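Residue numbering for the sequence shown follows this note's numbering, beginning at 3 and increasing consecutively.
Think of the hints as simulated: they come from the structure by calculation, not from any bench.
Computed beta-carbon distance windows for the label pairs:
id : residue 1 : residue 2 : range
1  : P122      : Q262      : 24 to 30 Å
2  : D125      : E245      : 30 to 36 Å
3  : M3        : D199      : 15 to 21 Å
4  : M3        : G101      : 27 to 33 Å
5  : E245      : A184      : 17 to 23 Å
6  : L205      : R103      : 17 to 23 Å
7  : G101      : D243      : 28 to 34 Å
Remember, predicted model here, so these are calculated numbers, not experimental data. All C-beta atoms, glycine included, are put in the ideal place defined by N, C-alpha and C.
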Amino acid sequence: MPRVLQITDTHLYADPDGCLLGLPTRRSFEAVLALARVLADGREPDAVLLSGDLVHDERPEGYLYLRGRMQDLGIPFHAIPGNHDRVGLLAGHLDPGAGQRVRGVLVGGWHLVLLDSTLPGEDGGRLGPDGLMALDLTLGACPGLPTLVCLHHQPVPVGSPWLDGIGLADGEALLAVLARHAQVRGVVWGHVHQEFDGVRSGLRLLGTPSTCVQFLPDSADFALDTRTPGLRWLDLLPDGDIETQVVRLAAYPDPIDLRQTGY
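Please work from the sequences and hints to get the whole structure.
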């Protein structure tokens, strides 16, 4: 039974003391990473999924730092870009595979399909006809393996109008492709800086908190949440079921200013 650790929206900086909305993002990332080690209870994950918005200032030093931390873990890792990443830097300094629009990796007996949903210069995402066609072909090549689809942008509304306006523009088209492939058991994403857990037509839909600031759920406009940084564990069962849990820090490593209105 493979176990995947999802870490998302780290928003790291080249400067080790770089802050997002007043929070030093390396410190919060390191605290979440330490929490993951404690919770592993002697069982290492089989893979780490880094699901976008990894380096906020789009400089190579942030990716090199993250690569070093992943190499220290000694666990295979796979990265996908978010709207705050530069794909060329991510692929050049962290994960060469991140330059592909659609790619599949095998983890245990599962097929993880990683999507680049980003659009240059835009906060929202889109796969487009070519990306959807490539996804369809990738899924069709492995019909016998239970599959988890991973991307940065949420393909369904999460209940916050400002966030849903910058989600995956062709999310319904994505779900229509997935519906043609019965082996797809779940979709997991970042971007929303909050937990989401839903089901549509038997398909598990999962959004994961950031390792830094959190967005207030069900908010019409940008607002920060008092809930703390976290990560997600996914245990991928041989029968295709997904057991998963979001785990958060007990407290922020540094105070945050909840009055912030955007970034």
